[in-house]
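Enquirer: Residue strings, one per chain:
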Amino acid sequence: MPLKELFKTKPKYVTIKPPSSTPPGGVETVERPERKEIPDGLWTKCGGCGQTIYTKELAKNLFVCPRCDHHFRIGARERINQLLDEGSFSELFADLRSVDPLGFPDYPAKLKRAQQESGLSEAILVGTGRLEGIPLGIGVMDANFMMGSMGSVVGEKVTRLIEYCLETRLPLVIVAAGGGGARMQEGILSLMQMAKTSAALGRLGLAGILYISVLTDPTMGGVFASFATLGDIIICEPGALLGFTGPRVIQQTIRQTLPPGFQSSQFQLEHGLADMIVHRRDLRPTLARLLRFHYYGGGS
Amino acid sequence: MGNGYTLEFEKKLVELEKKIEELKRYAEEKGLDMAEEIAPLERRAGELAREIYTNLEPWQRVLIARHPKRPTFLELVSFIFQDFLELHGDRNFRDDPAMVGGLAWLEGRTVTVIGEQKGRDTKENIARNFGLPHPEGYRKALRLMQQAAKFGRPIISFIDVVGAYPGIEAEERGQGEAIARNLREMSLLPVPIIAVITGEGGSGGALATGVGDRVYMLEHAYYSVISPEGCASILWKDATKAPEAAKALKFNAEDLLAFGVIDGIIPEPLGGAHRDPAQTAGPSASRKRRQRAARSVSKAPTTQPRRVSATSSGSPSRAKMVAPSGSKRSASAGSTGQRRRRKGSSSSATTKR
Numbered sequence: 001m002p003l004k005e006l007f008k009t010k011p012k013y014v015t016i017k018p019p020s021s022t023p024p025g026g027v028e029t030v031e032r033p034e035r036k037e038i039p040d041g042l043w044t045k046c047g048g049c050g051q052t053i054y055t056k057e058l059a060k061n062l063f064v065c066p067r068c069d070h071h072f073r074i075g076a077r078e079r080i081n082q083l084l085d086e087g088s089f090s091e092l093f094a095d096l097r098s099v100d101p102l103g104f105p106d107y108p109a110k111l112k113r114a115q116q117e118s119g120l121s122e123a124i125l126v127g128t129g130r131l132e133g134i135p136l137g138i139g140v141m142d143a144n145f146m147m148g149s150m151g152s153v154v155g156e157k158v159t160r161l162i163e164y165c166l167e168t169r170l171p172l173v174i175v176a177a178g179g180g181g182a183r184m185q186e187g188i189l190s191l192m193q194m195a196k197t198s199a200a201l202g203r204l205g206l207a208g209i210l211y212i213s214v215l216t217d218p219t220m221g222g223v224f225a226s227f228a229t230l231g232d233i234i235i236c237e238p239g240a241l242l243g244f245t246g247p248r249v250i251q252q253t254i255r256q257t258l259p260p261g262f263q264s265s266q267f268q269l270e271h272g273l274a275d276m277i278v279h280r281r282d283l284r285p286t287l288a289r290l291l292r293f294h295y296y297g298g299g300s
Numbered sequence: 301m302g303n304g305y306t307l308e309f310e311k312k313l314v315e316l317e318k319k320i321e322e323l324k325r326y327a328e329e330k331g332l333d334m335a336e337e338i339a340p341l342e343r344r345a346g347e348l349a350r351e352i353y354t355n356l357e358p359w360q361r362v363l364i365a366r367h368p369k370r371p372t373f374l375e376l377v378s379f380i381f382q383d384f385l386e387l388h389g390d391r392n393f394r395d396d397p398a399m400v401g402g403l404a405w406l407e408g409r410t411v412t413v414i415g416e417q418k419g420r421d422t423k424e425n426i427a428r429n430f431g432l433p434h435p436e437g438y439r440k441a442l443r444l445m446q447q448a449a450k451f452g453r454p455i456i457s458f459i460d461v462v463g464a465y466p467g468i469e470a471e472e473r474g475q476g477e478a479i480a481r482n483l484r485e486m487s488l489l490p491v492p493i494i495a496v497i498t499g500e501g502g503s504g505g506a507l508a509t510g511v512g513d514r515v516y517m518l519e520h521a522y523y524s525v526i527s528p529e530g531c532a533s534i535l536w537k538d539a540t541k542a543p544e545a546a547k548a549l550k551f552n553a554e555d556l557l558a559f560g561v562i563d564g565i566i567p568e569p570l571g572g573a574h575r576d577p578a579q580t581a582g583p584s585a586s587r588k589r590r591q592r593a594a595r596s597v598s599k600a601p602t603t604q605p606r607r608v609s610a611t612s613s614g615s616p617s618r619a620k621m622v623a624p625s626g627s628k629r630s631a632s633a634g635s636t637g638q639r640r641r642r643k644g645s646s647s648s649a650t651t652k653r
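Note that the protein sequences, when read in sequence, are chains A and B. Residue 80 in the numbering used here sits at position 80 of the first sequence; the count goes up by one each step and never skips. Counting from 1 along the second sequence, just add 300 to a position and that's the residue number in the numbering used here.
Any given hint could be a false lead.
Stated by the list, open to error - In silico DSS-like cross-links for lysine-lysine, where the CA-CA straight-line distance does not exceed 30 Å:
| no. | chain 1 | residue 1 | chain 2 | residue 2 |
| --- | --- | --- | --- | --- |
| 1 | A | Lys110 | B | Lys537 |
| 2 | B | Lys541 | A | Lys110 |
| 3 | B | Lys330 | B | Lys311 |
Claimed, not checked - Footprint (simulated), chain B over chain A, 3 or more residues, beta carbon under 8 Å:
| no. | stretch |
| --- | --- |
| 4 | 183–189 |
| 5 | 198–204 |
| 6 | 221–228 |
| 7 | 246–256 |
| 8 | 271–278 |
As the list claims (entries may be wrong) - Sample of chain B residues with no beta-carbon within 12 Å of chain A, all distances over it, derived:
| no. | residue |
| --- | --- |
| 9 | Arg325 |
| 10 | Leu341 |
| 11 | Arg350 |
| 12 | Glu407 |
| 13 | Pro492 |
Hints are computed from structural coordinates only; laboratory data are not their basis. Don't be surprised by glycine CBs; every beta carbon is placed ideally from N, CA and C.
Hey, can you work out the whole structure from these sequences and the hints?
Expert: As structure tokens, this is what we get:
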């Protein structure tokens, strides 16, 4: 019994800090708000340069710091608003809900809290929409929902979205933000989502349908090592933390200081994973361009 | 049974076994007949062994799965297959000694065998990087599997890995991409794949060679989204709570069978595979039978040339295992995997409203 009590008092889960690539002097992360980087306050402190920014101005700038270009983490709905034509998003598979297959300590409560805080039912929104008039299937993860970790529902939604694109031959864009990787609280079933989503993408690839993966801060672990890195084209947002093993685990294992910029977007570009790093304000036009390259929306 | 390495919960048993050994030696030296004294002790040892090993906690079974004497990949291969020939290299960067693969005979046909190789001692472990593959290890495995597909060979993948290697170079060379690519490509391969978790099934590093048409686990193996230590230190900020995490994660073979993630459990000798590797691999009688079979039909594979592409599906027995849509059943997804996937998702996702 005292053991169970212990589990209940557990405070919050681990914060994955951005790589040490933050601009010089730009110390941060410690007081960075845990759950939301988009605060409700009038003023917002930038995680990059430490400047205080008028929140409305920040929102108008797509939540990118107008001074240092630091890309704030944004939620799934905000991302969809930024990317898709107004009012074109129609959600799919919204009725899927996680259960607690393992009876894992504290999981249902944690899940409920995440749902209340984010207003989402899970760490991803999937659906269809139009981008500069081009119809597409889209999935957007939310890093605020249990660290954007992938449990059975996230994996199922991604897979169903892929299958939906396979049926309708719509191109697919997934914006990954999964710092939590495969969700521990659903154990082996979370791990299996990696195989499930990857296998579905294999079939999508055989059908010759375009899949663009957009990696945003942070994308790690099981999300990184499955659908997120299987894009025909892989785009990173600037300054994101992207990798398989988290920096803290590596540091603890090999007992070496990690080089500056380790696992940053730039690192992934240099090491051949990413096709390009795209600033948030250019993301929508870049996606449209890529879609047209593949003759979606009539080409040209 | 003295294996020179005793787990905490086995101590009583090992002490008793030692005493019996001593008594026997003493009797032999003095030319005494002590059978009457020894018999009850042996009975007691048998009882004790059953008592201990049939009531193991998940954490204790993790310790058995990690036992330094647990049969390694190459050992199992030597018991199960004939004439194993190792192939090397990912054709890209490096030959990863932590991941071993090659050709072998099984029941008279060629198969491709892959698996992580742990070392037996410190020196060997350093050479093998403790069986922790780098990206090039996964790429080597994929190369060998694609080669198997080209020549219509079934693939048998053994898994015993703590996890993919956490390191700077591993990330530089694309650990995540290597794993993801394997997941996708294995799901598409037109040849049958059998995956067996023999010891530790550590997360993505294990799954990266674990997408099979059939997935099995040895009795005391575990297969998990994260190591118990990792889970405990992340969720409860305390790695010493690993035994609790081992329980919470429900990663033993029976759990995974119940979840529908694996197809079957391969029994181990009482006390674990290390107590009798040969018995773990299968009865020796059947091995001899296999050898005879191998000799008599050793030409068989060459009569089935060029089952190259996913579209021309070759022999009927293979066609059975390959889905009509060309989609492969994975550990959780695919053709019959549709079934598996639904199973996996229905056990963890319910539709409301």
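Enquirer: Run through the hints listed earlier and report the numbers of any the structure violates, in increasing order.
Expert: Failing hints: none at all.
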